[in-house]
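Dock chains B, C and D against the given chain A, drawing on the hints supplied.
What follows is each chain in one-letter form.
Number of protein chains: 4
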Amino acid sequence: MSTTMMAARMHEVGAPMVLEGVLLPEPGPADVRVSVRACNIVPNLANILANWTTWFPQNPLPALPAIFGLDPAGVIDAVGEDVRGFQVGDRVYVNPGRHCGGCKACRRGDHINCTSFAFAGYFGFTSTASEMLDRYPYGGLAEYMVAPQYALVKLPESVSFEHGARFGYLGTAYSGLRKAGVGTDTTLLVNGISGTLGLGVALYALAMGATRILGTGRDRDLLERVRALAPERISVFSTKDGAIDDWVRRELPDGVDVHVNALGPGAPHEPFIQGMKSLRRGGKAVNIGATAGEVPIDVHHMMDQQHQLIGSVWFTAGEGEDMAAMAANGMVDLSVLENVTFPLEKVNDAIHGLENRHGGFSNYIISPSTN
Amino acid sequence: MSTTMMAARMHEVGAPMVLEGVLLPEPGPADVRVSVRACNIVPNLANILANWTTWFPQNPLPALPAIFGLDPAGVIDAVGEDVRGFQVGDRVYVNPGRHCGGCKACRRGDHINCTSFAFAGYFGFTSTASEMLDRYPYGGLAEYMVAPQYALVKLPESVSFEHGARFGYLGTAYSGLRKAGVGTDTTLLVNGISGTLGLGVALYALAMGATRILGTGRDRDLLERVRALAPERISVFSTKDGAIDDWVRRELPDGVDVHVNALGPGAPHEPFIQGMKSLRRGGKAVNIGATAGEVPIDVHHMMDQQHQLIGSVWFTAGEGEDMAAMAANGMVDLSVLENVTFPLEKVNDAIHGLENRHGGFSNYIISPSTN
Amino acid sequence: MSTTMMAARMHEVGAPMVLEGVLLPEPGPADVRVSVRACNIVPNLANILANWTTWFPQNPLPALPAIFGLDPAGVIDAVGEDVRGFQVGDRVYVNPGRHCGGCKACRRGDHINCTSFAFAGYFGFTSTASEMLDRYPYGGLAEYMVAPQYALVKLPESVSFEHGARFGYLGTAYSGLRKAGVGTDTTLLVNGISGTLGLGVALYALAMGATRILGTGRDRDLLERVRALAPERISVFSTKDGAIDDWVRRELPDGVDVHVNALGPGAPHEPFIQGMKSLRRGGKAVNIGATAGEVPIDVHHMMDQQHQLIGSVWFTAGEGEDMAAMAANGMVDLSVLENVTFPLEKVNDAIHGLENRHGGFSNYIISPSTN
Amino acid sequence: MSTTMMAARMHEVGAPMVLEGVLLPEPGPADVRVSVRACNIVPNLANILANWTTWFPQNPLPALPAIFGLDPAGVIDAVGEDVRGFQVGDRVYVNPGRHCGGCKACRRGDHINCTSFAFAGYFGFTSTASEMLDRYPYGGLAEYMVAPQYALVKLPESVSFEHGARFGYLGTAYSGLRKAGVGTDTTLLVNGISGTLGLGVALYALAMGATRILGTGRDRDLLERVRALAPERISVFSTKDGAIDDWVRRELPDGVDVHVNALGPGAPHEPFIQGMKSLRRGGKAVNIGATAGEVPIDVHHMMDQQHQLIGSVWFTAGEGEDMAAMAANGMVDLSVLENVTFPLEKVNDAIHGLENRHGGFSNYIISPSTN
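Residue numbers (numbering that gives the first Met the number 0), protein chains in the order written: chain A, 0 to 370; chain B, 0 to 370; chain C, 0 to 370; chain D, 0 to 370.
Extracted from the complex, chain A is given alone in its bound form (with noise of 0.2 Å):
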């Protein structure tokens, strides 16, 4: 086998990629190498290169030349000696998700709130995340990377690697809906339903047994796309026409169960406040989305209400079984979503040229490596 591997690599922020040969990586004893089929090209992922360091200075991005890449599916290709439950040929989803093991949050077991959690191939949340960075700097859009057995979520036979790879913004939306305590019986609004985020928080929330799924976006054919997936659970409404909790009302005087925030950056703060006021007596708000700046919040009325908003961001390793799950077991229907997929060579144009997506039913996959 070659000793080295082709690679994507930034070496100045928002400079474009440049394709290289690079070291292959060898993995530690709880580790595995990973052949890397699909990387999703993740809609923020311009904004993560070009704006990062200036938007949000205290979550440092990886050492440069750094493999960014989020969101990665593949075939293991060579395990360390720790490794249990995996073995060479498995088909795996990468969770980016590193934590340290040592702080009171990953001792606990909770590891996703570590005080070092990072995003492998993508970014750090806190000022010590930059050792997770260092400790595993490798993301998906290379030929290989190495990744921890923590991270990984066995993908059925049912799901493609061009599917596996949306896994993290499906398992944002499938957590976010899990806080909010969505499930049988369940009402609830979400904003952006159309995009990337929002088409994931749908498709979950039909399997988890929502009664009323009340979507918003602007695009009315793209609405209509998404009702067209379940027209007696779901209904759609164009933020052209009125105020979102207006239409709520109507739709269920005592309000909804769960408001979902599944907006992109650069939103408006309007759907998020009529979200707000949408809730029912007792009712929960999640935020998975990127809507940006102080949004001004009547915690009065949180309060006499019991209003909870709910602030969550990815998935656990466990969140991703059951994903697997769900998909082996035809609870959820990913063949809606339309794969575009792209060779490594072609990173920097996939990265930049997003703008005749679907909404979210497009897929944009990197397939780095073949065999």
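The set of hints was computed from the structure by calculation and includes no laboratory data. Be a bit skeptical, because a hint or two may be false.
When chains are identical, the list treats them as one kind, so a pair holds in a single copy or across two.
Claimed, not checked - Derived BS3-like pairs: lysine-lysine, alpha-carbon spacing no greater than 25 Å straight-line:
#: 1; residue 1: 239; residue 2: 178
#: 2; residue 1: 239; residue 2: 276
#: 3; residue 1: 345; residue 2: 239
#: 4; residue 1: 153; residue 2: 103
#: 5; residue 1: 103; residue 2: 345
#: 6; residue 1: 276; residue 2: 153
#: 7; residue 1: 276; residue 2: 103
#: 8; residue 1: 276; residue 2: 178
#: 9; residue 1: 153; residue 2: 239
#: 10; residue 1: 178; residue 2: 103
#: 11; residue 1: 345; residue 2: 153
#: 12; residue 1: 178; residue 2: 345
Here is chains B, C and D on its own, set in the frame of chain A:
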């Protein structure tokens, strides 16, 4: 027995209470009648009486003339035929929460989120809540009141009626701490720690095992008095001395597990905002205070750091049982509360003359009945 | 409207039901009256009527002459003045569980563990339960019955009265699965999978996301019929062919997450014992069946392997709401149940003539009222 | 520093420990090395050493010659490069639980239910557990041991090494109480309350808020000593004086919320059976004791009354953190434990000479290292 009783009633919004004889109410099948020995004059009462219909027109007052009185304790004097587990002579706290019994939340046992939830003797939380106020038009500012058995908490001998009549504000603190998951090994920030709500937060957080309680307020003497409750676990800081989050990060660089807002009406927004900034990754804020208006919240930061903001009002009957047990067990020491007791005739003085409080340490009580 | 109705009543333990005219009951303030369209003749009814006072003398029957009938569905015909959320004409399932409202469990909202819990139209669970049977002496084997609003589940249009009258046994399955934490990615063993309880376990476990359902029974044809519900997820095994735990370990070497005992009265102990041996480390057993006598349990093994054994009877009103939502959502398909319907006059035949059941697929129904 | 250390090792099953010099172990990247100041000689150790391979052949011992020692506390002496949150000089308890990190339970953060779970220095729980014992072949009966950072609990200054070395049995009690939902307002029965496990149950149940603790045992003097810990909350009963359930029903007619079995190996079955009969409707039994053999359990009664029987072994690292906090807070007073300390050379005497225990009050400690 007489067929009338003395009651203080408000005949017009904002008018003083009128002391008058009214019909002695009879308990229904699942109700008890309580001889009210103590009723708390909660700090917010003057506001409710004078300004509620203007400030919160959607939240109905009881039909006038009305017997107010949120937080009563007394002795059972008569029981309906379906009452089980209580008998004449039992000492009880009467939780003012009333629910409809038929809405979806009620049938799920989540009575506090009833679509018609109301505080007997105070106000309702939704437009349909007046129905509950009509069903139970009895507050604690009368010699007797009728209440449903579901609202009762049996008081242990070690809890005086005066301290029992503080259970409402204490329970608000306790329930807020529970919703935020406070327990052994928790660190928390309490804004407004020396007030009526905040002192309850301190007392119950100690009992529940919090390791570090960081309390803020303005009055340094009162703060010091709170700190003296458990100097090795409580630290205090006057907001006159700087930003709260700077202080918290000096004490606990990773931030606190929980931020409790216990400030009263009219509080500025800064402590709330600084409290949100004081949370560790994965931390939770709980709002039991009366901070009003729209507080600017950085929802992107909440998402990134998995923060939650939990609105919490009042507490359940089961939580009341916990509180009675904790008092009986000696886990919570209520002897720090200083009772200031008035007869029913002095009710108007008591409502408007609370300027000389020692913060939350003062416990202003009306004692309508003595037998 | 007539002031009488037809009812089937038992006048002496073990005697046949007598069809007779009785006074039409009036609903109390928080009650409704239901025109009973369907009442399930549960397999165990003949046992209850003939042998209960001998077998379980501590568990009281209703006062004789009594209207039995555990599992009714029908249409609301009158409502009390405090009823909210239901109105005349609503289609409902009537949960037979009755609670006192005043004991500690009730005041905590844990009504099913009320110290006086009783099944209206069936029997009580403790010596004080006769009080509940006196409060609601109405079962489903009459044209009308009175029930408290807390017991009602609104039936969606897609659920027939005959299927609604199966909610009791289905809900027993559903609640057992919930208590054992069954969800996405769970594997389970169901002993007695083709019986009235076991089939419900299969249907709800599929809806809740179980990946593997291993079912046992005796009759190979019935087992095969269960397997055909979802051949890629359900496997079956006849206890005539060997030990259950040997089979389970061949299918899943680490064992199952959950073992459900759904066997009826008179079942041997071996399947239960072999089910306990089939659990993975950390697995849970839930007993909803009627296996009687003292089963030898290796409690040291349970401790070492962190096994739990959970007794579960019936289900809450909230779980009933879930079930109605799951039926409306299409998550559970009740069309596999074959209704066999009798008029009220044939009640004695129905109780004693259930030999020709197709296991749990048969649904024996009395239809006392048709308007 | 020397490259060797003194260790007590067993070379053959049942043979006495041999004191000998062995290579000083080096920590891996995520490990620490601990200078062992105290190691508990748990009452069951002699059984494990002599009889384990006969009694429980499926549960592997460490490869011989082996360093045993289940419950160590000491000072960190060296740290691996990936260790965060701990440094040289930290005082720690070393949880002996070791998990694989890759099985489904591990990836869900449920490490104690790992399919290869093992106690370092003691034994493994499944056939694949020997792999974990090989990965960490270090018990506390040596001057130094290597352990993973995930197993560490930082000891507060107020906890001596001798008391820290009791955390294993104390934590077993604490975790069992948590699994049974013990908290404020709970009543419980503890069989074996004066033993090593049972005394821990009493101490933590008090701290967690239990209102009534009914304890049984045989020795009336020891029972009285337990009762004296909190005479207003603890009652005791000698099994020489009658049936346990009769006594419980005299004290609490509805039964207890929780029954804890804390009896050691060789205990008769009657207390267990009588404990099951002592539960209230909805009550829970938790088995942390070593009662062996097949106990006859009335599973129909468990179903009817919604009883649960929970097997619980050991505790998580997070629960260890709780315990350290509770000791620091003063919620649990460990000063009732009487330390009896031996040097490492006396290990064989200590293992076999524990006859003069004062029940659970005696704390038998080996102190292998003093610097």
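Here is how each hint holds up against the structure:
1. 239 x 178: Classified as neither: same-chain Cα gap 30 Å, cross-chain 38 Å, threshold 25 Å.
2. 239 x 276: Result: close within a single copy only, 18 Å intra versus 35 Å inter.
3. 345 x 239: neither (36 Å within a copy, 58 Å between copies)
4. 153 x 103: For residue 153 and residue 103, only the inter-copy Cα distance (10 Å) is at most 25 Å; the intra-copy one is 28 Å.
5. 103 x 345: neither (42 Å within a copy, 37 Å between copies)
6. 276 x 153: Answer is neither: 40 Å inside a copy and 27 Å across each miss the 25 Å cutoff.
7. 276 x 103: This pair counts as between: shortest inter-copy Cα distance 20 Å, intra-copy 37 Å.
8. 276 x 178: Both: 20 Å inside a copy, 22 Å across copies.
9. 153 x 239: Intra 42 Å, inter 36 Å, cutoff 25 Å: neither.
10. 178 x 103: Answer is both; intra-copy 21 Å and inter-copy 21 Å each pass.
11. 345 x 153: Neither: 28 Å inside a chain and 51 Å across chains, both beyond 25 Å.
12. 178 x 345: Cα proximity of residue 178 and residue 345: none, with 38 Å in one copy and 50 Å across.
Of the numbered hints stated above, those contradicted by the structure are hints 1, 3, 5, 6, 9, 11 and 12, listed in ascending order.
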